[in-house]
Amino acid sequence: MTDLSNEAPVFDPTDFEALARTQDANAISRPSLSYWQDAWIRLKANRRAITSLYIIIFLLLFTIVGPWVWRIDPAIQDLDQISQPPGTDRSAQIVEDYIAWDGSTDGGSGLRVIGDPNSQAVRLTWDMLENADGHRIYRNRFPVGEELAFGIPLAEYLDNNIVTHEDRLDVRPDTYFYTVVALDDRGQTTDNFQTIEVEVERVTTLAEALERGLIDENSSLQVGDSINLEAHPLGTDYLGCDMLARLMAGARVSLFIGIGAPTLFVLFGVVFGSVAGFMGGRVDQFMMRFADFVVALPFLLFMILFKIAFGIGPGESGVLPMLIALVVLMWPATARLVRGQIIQIREQGYIEASKLLGASTPYLVLRHMLPNTIGVVLVTLTFEIPRVIFVEAFLSFIGMGVAPPTPSWGSMSNEGIRTMLITPHELIFPALIISITVLAFNLLGDGLRDALDARMRNQE
Amino acid sequence: MSASSNEQKLLEVENLAVEFDTYGGVVKAVRGVDFAVDQGETLAIVGESGCGKSVTVQSIMGLIPMPPGRITEGSARLRGHEVLGRNAIDGKDIRGSEIGMIFQDPMTSLNPTMTIGDQIAEPLQVHRGYSYQDAFKEAVNLLEMSKIPEAAKRAKQYPFEFSGGMLQRAMIAMALSCKPSILIADEPTTALDVTIQAQILDLMQDLQKETGMAIILITHDLGVVARMADEVAVMYAGKVVEHGTVDDVFYRSAHPYTVGLKDAMPNNDRELQHELKPIEGSPPDLFSPPVGCGYCPRCPHAMNICENRHPIDYFLGDHHFSRCWLHAEQVTEKPVSLYVREHN
Amino acid sequence: MWSYTLKRLVQGIITVWFIATATFFAMHSVPGDPLLNDRAMSPEIRANLEAKYGLDQPLFTQYVVYMTNLVRGDLGISFVHENQSVNDIISERFPVSAILGILALFIAAIGGVIWGALTALYRNRLPDYIIMFLVILGISVPSFVVAALSQLFLVNVNELAGRTLLPVAGWGSVLHLLVPALVLGLSTMAYLTRLMRSSMLEITNSDFVRTAKAKGLPPARIFTRHQLRNAILPVVTVLGPQVAIITTGGFVVEIVFAIPGLGRFFVEAVQQLDYTVIMGTTVFYGAFLVVMVILVDLIYGYIDPRIKLEQ
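Chains as they are written, first to last, in the numbering used here: chain A, 1 to 460; chain B, 1001 to 1344; chain C, 2001 to 2311.
Hints were generated in silico from the structure; no laboratory data involved.
Below, simulated EDC-like cross-link-like pairs (lysine to aspartate or glutamate); rule was C-alpha separation at most 20 Å, straight line:
#1 B:K1334 / A:D15
#2 C:K2213 / B:D1118
#3 B:K1092 / B:E1012
#4 B:K1147 / B:D1118
#5 B:K1009 / B:D1034
#6 C:K2007 / A:D292
#7 B:K1156 / C:D2304
#8 B:K1262 / B:E1280
#9 B:K1028 / B:E1307
#10 B:K1334 / A:D12
#11 B:K1179 / B:D1202
#12 B:K1147 / B:D1206
#13 B:K1092 / B:E1082
#14 C:K2213 / B:E1187
#15 B:K1009 / B:D1230
#16 C:K2213 / B:D1105
#17 B:K1009 / B:E1082
#18 B:K1147 / B:D1202
#19 B:K1334 / B:D1263
#20 B:K1334 / A:E17
#21 B:K1179 / B:E1144
#22 B:K1153 / B:D1118
#23 B:K1179 / B:D1134
#24 B:K1137 / B:D1118
Using the sequences provided together with the hints, build the complete structure.
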């Protein structure tokens, strides 16, 4: 241990001159960010949250700007295109105006179609079935099969001489299976039947096309030409209304309630909670007990009860009463949260310090307490929105929310469910848009929470 | 390491370096740390928050979550066997059996839903193969050994029924249940009242005398160091800046940071009383660690070289070294506050 | 423990009283007395009602009569269904809903804990991503859509199999129960999975798990003894309120799957404005929820030793 060091590096003489300080020792090397700047940077880094934000903006545009772009009235029924899925062929042959059938048939045999089967009428004739004491005619959208599923009965002729039937009952361009069944002497069906598959073509008349604005008066179209009916990008519902237009109109109701109600009750909760938290003592006790009771009410039952109390029965739309009922019942969660925050903040040193500096109560509340709760409140709001959208959908689904003709996504789903097996698009579109909206708000909420609450970061 | 310490010590840590991936980048928390500790000895690792002292011992214990943590370099040998990245040496488990560990906050370091006795019994069941009944009985003995009154009754209670001091005693009983050769105490008294602190430190010293274990004590409290330690390693920005016996470090402080720490500490000794001086500034950003001496930006005696080159080891005694360019022979006027070799 | 239970019971009774009162006044604030409007009501029922509720009496007297009947456990007579008391209707219909709900809650709780623990164990790896994707779906798709789609799925499965593997709707056997219960429990399961995941992650980073590691315990033991039990605690706390969600979710599932439960009956009663049934069912559900929340709190006290002191 004779050397002072364990190695002998080469030095420059200037190395051992006192360092000329270029910066203050107390300087902070990284730029300082405000709470909101920091949160925004973190939110921007969250791709899911940002995508969700774009989706929400798109939904709002869809609701507000959409009806200006897609100018179809959601209430107009296109009776030629009922329950049409998107992308269906919408061409129609122009035919003569309807002329009643004189009953003339051709010389064929068995169950057969007379003339062209089209959406004006399908004309059937058949030969008398063996041992028949009359005939019943059925129409189905599926083959009869082993279960002898004939479909809906169209007519019954107890007179064996009548062997023709003209079907004008809601005939749509589709494939139908017509069945004629022999009846016994008591009018009961026998297992003697004949069936036929019929492709029905969509037709329209010149007068009709003119009336619906598909052609103008000096159009050169003739009978036998084909024209395109109105376009429905997302198809039509069971009333023939345009799905896209209805989704836009429904968005107005669903988002009005979905965003309006949470905004109101979160606001109320903030006021209630901060008053309770700030006052403390007896007032706080009393206010929070009251909130507890409201929480204890079976929520959806009371929603329904409220609507009845407002005098709005089933089948009647009451957007405003629904909004009020939601606000009256859903505020306590926010109130509790804000109260907890305020009480926590009240105990903090900086409040004490601010008080010592002579800050007034309104100053304390507005400058220190509320700004510190805004993050939490914002997160709550984004999570309450999807919840309320669900509630609206649920209420409309059980028929206690928005009722036809006013569309909402929930009531559209409700209607769609009935025909889900045959025309699933009537359920899928409203269900999809509810799901996407709820998903977007949930993911944005997650992102906001992670961005605003450093403690919650990296946790779902 | 020191040229004179060729014989094998109980635990030897050499050139340990640990990094963490964070959302802001890679943090080089520990940047080449060496120390050694022998049986019956107490080594204190001192430094301010974030200097890497806890990370150092946690990486020896294998407690660094990987990822995001990563041991990039170095070795830690227990009786000559490498422990880094291993669970057992010589058929004996390292954690809980060879090395026991206690933590800063006893309130949160115990499972709130398990009785104290069960928690102390666990290592015995796992490492020693005790039956539950035997382990629990032994747990009561251990609680008695840690001077907890009514140990049999206490063993059946839950952590929330204990005070902080009692919990730390229970933690010690748990850490020592398998008679480890080393006890690592990570700021064991920081969360406790001053009066309780003394009791816990006494308990640790008593148990050390009984069992002959080595203690590695992590602290930022120089009072605790003076009371407990045989040797002291002062850490700054992920490196050891001064190392020596407790007397070396306290009375012959050879690094400006050690001097700064002492100046910032109150002293009850009337003769040594002085005005408290905080160390200006804050520790360097370990996202981009300094090229030169980490303490340079805060050092009152900084020189040009300090900014660009990391200081080499300057020995001031057999075990006493300082990593500071002020000890270079080229420096003619040394600060008076700094201990320098007399024959210089 | 007993005094705590007693205290909770008293609180519960007060809550039920509040619910009953709120229900009563909400119903009576309907423009025009609901009991007097000209719905199809047989004269006998009307006479019965008038006698029973003192309809000619002032509101407060009616309230007293209503509350007295309630204390005696008498919820009144249906407006629409002749000669049927609300008590009969509930005792007939509720067991169906209860079986469905309990099974759903069971599926949701077990599933939530298992999936949540799995996602935490495989954090940021494929199983985590897959499960969390499904969870997000489960949270975002309304229950009636899930119910309808699962029915559609059942129809197709049965068609493919050529026979009825699982009934598409109706009530009667265990098989009828499975899919509706799963659908009913789905959103709760998704919610619990999320909760369990974040709770597990928090526990994984907690000091006492670090202590357990420092003790050299094997990972399996750390997981079962130290992580799981502590991570389940927050999941148990929300089970009480989740009962409410499952009950109301039951409305939808009962309607879609044609299950003769109380939920479906309630919706029918709403559509028919059967006031006594609406009131009776509301109070009954309220009381049921209160009991469930107390029950869950008691279970919580059993799982978490810290609760015992707060009697």
